[in-house]
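Peer 1: Next come the chains, spelled out residue by residue.
2 protein chains.
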Amino acid sequence: MARKSSLSGFPEWLPQERLVELHVLDILRRTFELHGFSNVETRAVETVGQLLRKGEIDKEVYAVSRLQDEDGSAPAGEDSLALHFDLTVPFARYVVENAGYLAFPFRRYQIQKVWRGERPQEGRAREFTQADIDVVGDGSLPFRYDVEIALVIAEALSALPIPDFQLRVNNRKLAEGFYRGIGLTDTPGVLRSIDKLEKIGAGRVAELLKAELGATDEQAKAALSLAEIRTPDTSFVERVRAFGVTDPLLDEGLAELEQVIAEASKRAPGKVIADLSIARGLDYYTGTVYETVLVGHEALGSICSGGRYDALASKGNRTFPGVGLSIGVTRLVTRILSQEFAAATRQVPTAVLVTLANDDSWSAAQDVAAALRSRGIPVEVAASAEKFGKQIKFADRRGIPFVWFTSEDGTHEVKDIRSGEQVSADPRSWTPPAEDQWPAVLPQG
Amino acid sequence: MARKSSLSGFPEWLPQERLVELHVLDILRRTFELHGFSNVETRAVETVGQLLRKGEIDKEVYAVSRLQDEDGSAPAGEDSLALHFDLTVPFARYVVENAGYLAFPFRRYQIQKVWRGERPQEGRAREFTQADIDVVGDGSLPFRYDVEIALVIAEALSALPIPDFQLRVNNRKLAEGFYRGIGLTDTPGVLRSIDKLEKIGAGRVAELLKAELGATDEQAKAALSLAEIRTPDTSFVERVRAFGVTDPLLDEGLAELEQVIAEASKRAPGKVIADLSIARGLDYYTGTVYETVLVGHEALGSICSGGRYDALASKGNRTFPGVGLSIGVTRLVTRILSQEFAAATRQVPTAVLVTLANDDSWSAAQDVAAALRSRGIPVEVAASAEKFGKQIKFADRRGIPFVWFTSEDGTHEVKDIRSGEQVSADPRSWTPPAEDQWPAVLPQG
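Chains as they are written, first to last, in our numbering: chain E, 1 to 445; chain C, 1 to 445.
It is possible that part of the hints are untrue.
The list cannot tell twin chains apart, which means a pair is met if one copy fits it or any two copies do.
Stated by the list, open to error - Subject to a maximum C-alpha distance of 27 Å in a straight line, what follows is the list of computed BS3-like cross-link-like pairs (lysine-lysine):
| no. | residue 1 | residue 2 |
| --- | --- | --- |
| 1 | Lys210 | Lys199 |
| 2 | Lys4 | Lys113 |
| 3 | Lys210 | Lys4 |
| 4 | Lys199 | Lys266 |
| 5 | Lys393 | Lys315 |
By construction, these hints were calculated from the structure, which means they are not laboratory data.
Given the sequences, and given the hints that come with them, work out the whole structure.
Peer 2: In structure tokens form, the structure reads like this:
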């Protein structure tokens, strides 16, 4: 990609690149709807109070204020507005506000832009599109949704023009129960350290555990050994049991993760694996946690993450547990384009250019176009009666495969400008080959 | 609509309302693509310098700044960021930046949120969706696109579940030439006054013309009489000629508007009319101008406006003339919902709920679901083996029309819970009636 965006961190696509993104979005929408997820959109802004509700956040937030209000002192406080940095916080608010109108368990998908004022870098933009699915219950939510949602995502990702992926699953209860079982009580602290494994390596994590959390050599070693377990099947259970650590929370987590992996390894073999190093940093998950990498592109980071919350939202005594996953659409599309995993077969929707023999024939040409469009064929009409060579060049430059000619005697011919083949045709019945009707996005190389 | 949005001016839809909006967006996308328009999205933010480029603007702009940067002094200046208030300014920038990669004339559609910090009121939100189509040329752009783009919009609006509409067309050259011809030289001033006609009435506009622009009684009367002309055909030409005013720009404008109305009155009879009162306020149009009202809902304001620019954008000596129209999607959808012009046939995509006879049958139920989905049928699987009555109620509350039962002996039955009819079925071949496969959005009453 020779082109650079004019504002760092705010990618914009050319029309033929946007076709690839639309292709990805269409697949996601269709897959989610085939699984019964309803679409929702939330406003781009939340109050700062809402965004900071969970206390500590590690996201850089963009504040919003009316330009005409600015007199040197920016508005501040809980009620001031800011752009959402994910779709989970807005969805939690939406659920609470509309609880009386929703049928629980409520399954929704949401595909929108989010904004983070972080330093832009490869795979990290300041404005990007996320595609989220969540199932949220009223009071309780069967664990089976933790299994189902992983399978929906595996199905969606499998339909995209991307390399093999691995959906790596862990369980907070398993990890926290294990740490507690070996005597490390600051389980969030351990999780935060383990989350740095990929970045700083096992040696530095061991140092952190010892220096900051007072772990012994043995405790640090056990915590790191747990994080090394990665299995495509339920054999992780035996390996964890082999440590001889006992804790009721550990048992619960093992049983939950076993349920996810048992079903997923059957229905999506090789796509969903148990990975006991997954920690999900500061996010407030309470059970299952998910991350996803593209095989061979691990450095890109997770392209789809999520997990289970005991309380995605709450309203007085009422809590709404949820489980969800979020696909980083912009990160995926950027990689598809930069690695040329897929490309559109042409730049424009148009399949047929109706040419003009003379300037008075524009209206008749519109009749031809309307007849073709009524059968779902995308058509443009030339704007002026230039030489046919120029009109054909207009089509050729855009990758429009067919040009249409109408003679003064009212007969029609259509030419495939790739093969040069020209045949007579009736606008009321002629149809292009199915693969030419709309631009397609095809895997490359 | 009993529900109120929690932040004034930022509407959010319930899932069944969002289905109506998606229906509108799908129709617009399909219509635009059938006419060969390519999709583009631009970033949500522009630099303040870019947004204020045209000097005077009448839009309230939302500034964006990193929350963590705020130390009491808000960032300011040309390079600071703000949310776009329309899709025209961002598109103009996009065209200039990517001119080397685009094939001109370039036809694009763009469907995105825009933000304006104005006082929220009926039909006016602070965050709303616009759907724009524009054709932009490099150096020149045939006038025929002014005709074509009106026809594309008429076709798109005709496919929506809304009442009759009128696309009202005028021409700046016609108006300015006429004012000049009667001796009023401050033509932007006259246009600004005429633009207030609907709001303050003819009497007050006449006073404005006299007080502010020094118009005589006769001049004010002539300017107001011109604005009274509204014809469904080209008869406006004769009525303008009857004033006996002569001016070359007037002639040019008359010829252009005649061309639009002549073709449009033939291809979209009654939908596109000449209306010589249309002024489009502060917008920098240079020829054709468009506004659209819903018949019987004129007070809602224009639901689709636009026009021709001599220079949508420019880059050194190079200018990019354009013509475009913008549909106020949120304004339309708000009205469709509040007036119940249309509604979704159910709340969720799901057509079939696969029930569980016992908790161990979940995996087998997923097999049934996968078989149905492979033929494009949206399916959910029950999460737990509650009593069948409860599982049926789950479907009923969401409007899911079919529930699926699998007995222990492996036979299948499917029940239409509306009629109560239950038949045996094969997951590899059973298909619901076409009208039940996906939720439909149907006109009401």
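Peer 1: Hint by hint, say whether it matches the structure.
Peer 2: Going down the list of hints, with the structure as the test:
{"no.": "1", "hint": "Lys210 to Lys199", "in the structure": "within (18 Å within a copy, 74 Å between copies)"}
{"no.": "2", "hint": "Lys4 to Lys113", "in the structure": "both (20 Å within a copy, 24 Å between copies)"}
{"no.": "3", "hint": "Lys210 to Lys4", "in the structure": "neither (45 Å within a copy, 53 Å between copies)"}
{"no.": "4", "hint": "Lys199 to Lys266", "in the structure": "neither (32 Å within a copy, 67 Å between copies)"}
{"no.": "5", "hint": "Lys393 to Lys315", "in the structure": "between (63 Å within a copy, 25 Å between copies)"}
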